[in-house]
Amino acid sequence: MTMKSKSNHLKRYNIPIFIFLFIISFIMIFPFIWMVFSAFKTQKEVYTIPIRLFPAQFNFDNFKRVFRMIPFGRYYANTIITSVLQTVIQIVMSVCAGFAFAKLTFPFKRTLYILIQSAMFVPMSVLIIPLYQMVSNTKLIDTYPGIILPQVLGVFTTMLLISFFITIPEDLINAAKIDGSNYFGILIHVVIPNSKTSISAATLYAFLSHWRSYLWPLLVTNKTEMRTLAVGLKYLVSEASSAYQVMMAGSLMSILPLMIVYIIAEKQFVQSITLTGLKG
Amino acid sequence: MKISNKMALVFLALIMVPFIAFAAGKQESVPSTGPVTIDVWYALSGTTGENFMRAVSNFNASQSDIVAVASYSGGYNDTATKITAALKSNSTPDVIIGGQVAYTGAYGNFYAGNQALADPAFDFADVFEGLWDYSNYDGQYCNIPYNMSTNTMFYNKALVEAAGLDMENNAPTSWEEFMAVCAILKDYYKGKASFVPFVVQDEDWLTNTQILQCNNPVIAANEDFSVKSAAWGSEECAKVAQWWQDMVKNGYMVMAMNKSGNNVFLAGNAAFFAGSSTKISEWTPTLGEDLRAIEMPYFDVQKVALGGSSVAIYPKSSERTDAAWKFVKFICEADENALFAIDSGYLPIRKSSFTSPAVTQAIETMPAYAVAFKQLSYAYAYLNIDDYAAKANALAKFRTLVTEDLSYNPLKAMQESAEAYNKELY
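Protein chains in written order, with my numbering: chain A, 1 to 280; chain B, 1 to 426.
Treat each hint with caution, since some may be false.
Stated by the list, open to error - Part of the chain A face toward chain B, derived, beta carbon under 8 Å: (1) Q133; (2) L215; (3) K234.
Keep in mind that the hints were calculated from the coordinates and are not lab data. Note that the Cβ used here is the ideal one computed from N, Cα and C, for glycine as well.
Extracted from the complex, chain A is given alone in its bound form:
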């Protein structure tokens, strides 16, 4: 490559913007890098001044300690079961509700819409006690349904999908009707195929919030074998504890499946975030 072509090659980039973005990216990714390396440090190394990013030697004691302190595999399985089921049910319900509100006409539609919308502003802390009473009275404490069912009503994902479904042209819906499709057929064959990006954004949001859910699984489970990862991670450290390295090892292991899912579906996620303006 000649000097001239090199210069042209560089000109294609806006160097100051490139440097600025690189710095911002580094700042954003640094806590993650810190977490990865801290998971291999000793407690003393975590607090060493001056700060050292890399451990003196990679030791796996923190990971062993995590497995010794909590049944990590069991928590992992529970988290996958509950998060996946919650996400599936939430998205199915949100898609159906979103379609109904966006494309159908029925009595009290406006009132119901306002009611659903206002539910978004009710904090979880207000609902916890009555929800717990319902779950307790139906003998669902320490069961998967007890963890899953009260968390599947995703108002946010419903609102997100309504806002997208509204943009689907009425002509498409009418064409499907003329072809003999009923509402379910329209939903399956017209609405969903045209909304893959927004549905995947809603799915991502729902899955992440269920994966991280802490208080509800803690409240409705007493048996160790029913606990989820978020509860287990909290158990790893004492109140105001300084054993960050153990927490980091646990956190690193807990986010691995999310990272794998992200790497596999990176293109779709980025597309959906760009389209909906959603932040994780």
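Chain B: place on chain A using the hints.
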């Protein structure tokens, strides 16, 4: 079209089947003739939780009539939410470790306290008096002290000795002397920008200690405990606000650094740290021999505020309640309690623990532990209240007033703080 409808129904059924199956599969427990099972919730995590689980295992191994099934209930706040929900739906466990009187005494449950008084095998008088105050609600004992700690003044031996100070033979006893020590440290480390002589993460706890040291009860109550008001708005407590103001004014303490006080001290950026004695076991792996403690400096009287939580029993059937009491007696027995306490950094609740080999060894090998243990003899609790958040907010108010405006009148700040608390509650 019909196929689509059928598909929808099948899909819905597929979703619902596992839940119906789970719900139907969960049956009422059938009474059995085997050992009595008791449910124990514990708000202790990390190594402390592991130490508690060892005590549970010891109990289960010591007899065959009762099985204690322990379950982690989250931190203190999470446990409070969990127990509130359980109380509303009548699904409380048999025992809670990490219980607060607000969830027993306030609900009229004084079972554990009454049992401790009535059962001679428990030896009520062997438990430190101050600890019982911690478990008292409106004049009656409702819980049993268990994981208790004292507000301890830690120091980094290497940092302090480098500045020419000798804390082993010449420790400050008053807050005035403490400030003089801070002045020396500030001067010695003036080239180190990130250094601050003193940090405290739990500012509220230290404030309670200091108010008690002014011979003030923190909370005053009328005869029938129907009114519990802030007592710190009095003249003798003005010195507490004055101390906070002077510490900031002289640069011996930086309020912003207190928020991450644990990390500041661990990283060697502070010479003194006020906090829970549980830090001894938690920080020894990091600081080793450099983690030392002095007795908490004081104003008028030598006192420290207690911290921690207690054991609560929620009576159910007589069989389960008896089993729960046996379990509680076991974990509060001198040697068993001492083992739990030392390994977790909490303090033994019994005076007789002092002669236990484990405690003797801990005192000999961990100088900071000896100090924390010694403080038990003058550790006190203030009157239990229902709204701790309101009190914490009110105390934070005076600290903000005097540290943000360094010319603010300390007495006025204390009075305004006390008024704020009383106004919010009454």
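Which of the numbered hints are not met once you compare them with the structure shown? Structure breaks no hint.
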